[in-house]
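Per this note's numbering, the sequence shown starts with residue 114, numbered consecutively.
No wet-lab data here; the hints were simulated from the structure. Since we're looking at a predicted model, the values are computed, not measured. Take these hints with a grain of salt, some might be off.
Claimed, not checked - List of simulated lysine to aspartate or glutamate pairs, EDC-like, C-alpha gap at most 20 Å: (1) LYS323 <-> GLU451; (2) LYS427 <-> GLU199; (3) LYS358 <-> ASP393; (4) LYS358 <-> ASP376; (5) LYS427 <-> GLU415; (6) LYS367 <-> ASP261; (7) LYS367 <-> GLU415; (8) LYS323 <-> GLU199; (9) LYS427 <-> ASP169; (10) LYS142 <-> GLU311; (11) LYS142 <-> GLU199; (12) LYS323 <-> ASP376; (13) LYS367 <-> GLU398.
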Amino acid sequence: MWGALLVLAALLAGVTACSSLGASRIAKKHPAGQSFFTANATRLHAAHVAAPAGADLPPLVFIHGASGNLLDQMIPLRPHFEGRAEMLFFDRPGHGWSDRGPASNASIDGQADTLAALMAEVGISRAIVVGHSFGGAVAAAFAVRHPDKTAGLVFLAAATHPWPGAATNWYYNLTVTPLIGPLFSQTLALPAGLSRMEQATACVFSPNRKPDAYVADAAIELVLRPANFRANAADVEGLYRHVLKAQPLYAGIKAPTVVITGDRDSVVLEEIHSFGLARDIAGAELVQVRNLGHKPEWVAPELALAAVEKVAGKPRDLQALARSVEARIADDAYGPPERCKEDKPDPK
């Protein structure tokens, strides 16, 4: 018996050491490339693009989703707004290179408040907030809690409403389990995640094509480092409880709003989340794109640009533009879709 325990202990020590080495390599491969700010007692990694002369759009704030970091929106969207608006991209607390900070940041409301503090730190008093996936829940919470700072909202494949069963992927639940969770995140999560990274991200994009260098360019591997993995799991596991309480508050949102969604999203159920936002927020425009998956900011950045412009008061025909995007992606069948249906993540 003691021999078996010693072998098990040695195996765990070996796996832990390998995982620690892997996390260090990921950190060196994807170093922090932007600036650090302190807001709400949290050290945050962010890219603040100062207002250009002659800007024709209000300041813009971008909130990334689960498993991501600021690069996930900055890479596809910043070029479209360069020279037109002040911009703020940031790693949410516990993601990318941002610290988790105080316990309040473990909640979506807390992250919204930390964003408000970060905006004050960089001198942005009011902004159009663009939220993708889990970032959509933070954007909605921000609008509810800080209406004076919300000039408008653009939701991209958002996760904002209660879904049937409240289930999430098994590894999120395991990671937040006392004792077992920290052990899992320190040992098996990283090698298992690396082995599935390309297929998993292909399914996030499916049926649309994932850029070949997406994982490397957007530094997606950062989420596999133990502390990031635990923060991400805690966020996702807390999402259902948050939206259950938050949904009734969306009716109080008065900011101009556009909701963009695809009918082939393999991550969130658009008929629950995006349709729900369009129903709950008075005057919100729903833009549904056929054969679009979970990454509209990468697949159709021109639509995200036009949505921001419309929220800012410029005349834009988003429905006509959506039809144009549909024509371009009509034959997309990457993933492949049937594999991604089997691997479908939690219906956030």
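The hints, checked one at a time:
1. Pair hint LYS323 plus GLU451 holds up; C-alpha atoms about 16 Å apart against a cutoff of 20 Å.
2. A hinted pair counts as satisfied when its Cα atoms are at most 20 Å apart, and LYS427 with GLU199 qualifies at roughly 17 Å.
3. Taking the CA atoms of LYS358 and ASP393, the gap is near 14 Å; set against the 20 Å cutoff, the hint holds.
4. Among the hinted pairs, LYS358 with ASP376 is inconsistent with the structure: their alpha-carbon atoms are about 26 Å apart, more than 20 Å.
5. A threshold of 20 Å between alpha carbons decides the hint, and for LYS427 with GLU415 the separation of about 15 Å falls inside it, so the pair holds.
6. For the hint linking LYS367 to ASP261, the alpha-carbon distance of about 10 Å falls within 20 Å, and the restraint holds.
7. This hinted pair does not check out: LYS367 and GLU415 have alpha carbons roughly 25 Å apart, beyond 20 Å.
8. Using a Cα cut-off of 20 Å, the hinted pair LYS323 and GLU199 is violated, with the two alpha carbons roughly 28 Å apart.
9. For the suggested pair LYS427 and ASP169, the alpha carbons sit about 10 Å apart, so the restraint of at most 20 Å is met.
10. At roughly 17 Å between alpha-carbon atoms, LYS142 and GLU311 fall within 20 Å of each other, so this suggested pair holds.
11. As the CA atoms of LYS142 and GLU199 are separated by approximately 29 Å, the hinted pair breaks the 20 Å bound.
12. Only pairs whose Cα atoms come within 20 Å are accepted, and LYS323 paired with ASP376 is accepted, the gap being roughly 17 Å.
13. Of the pairs offered as hints, the one joining LYS367 and GLU398 holds, with about 13 Å between alpha carbons and a cut-off of 20 Å not exceeded.
Checked against the numbered hints above, the structure violates hints 4, 7, 8 and 11; every other hint is satisfied.
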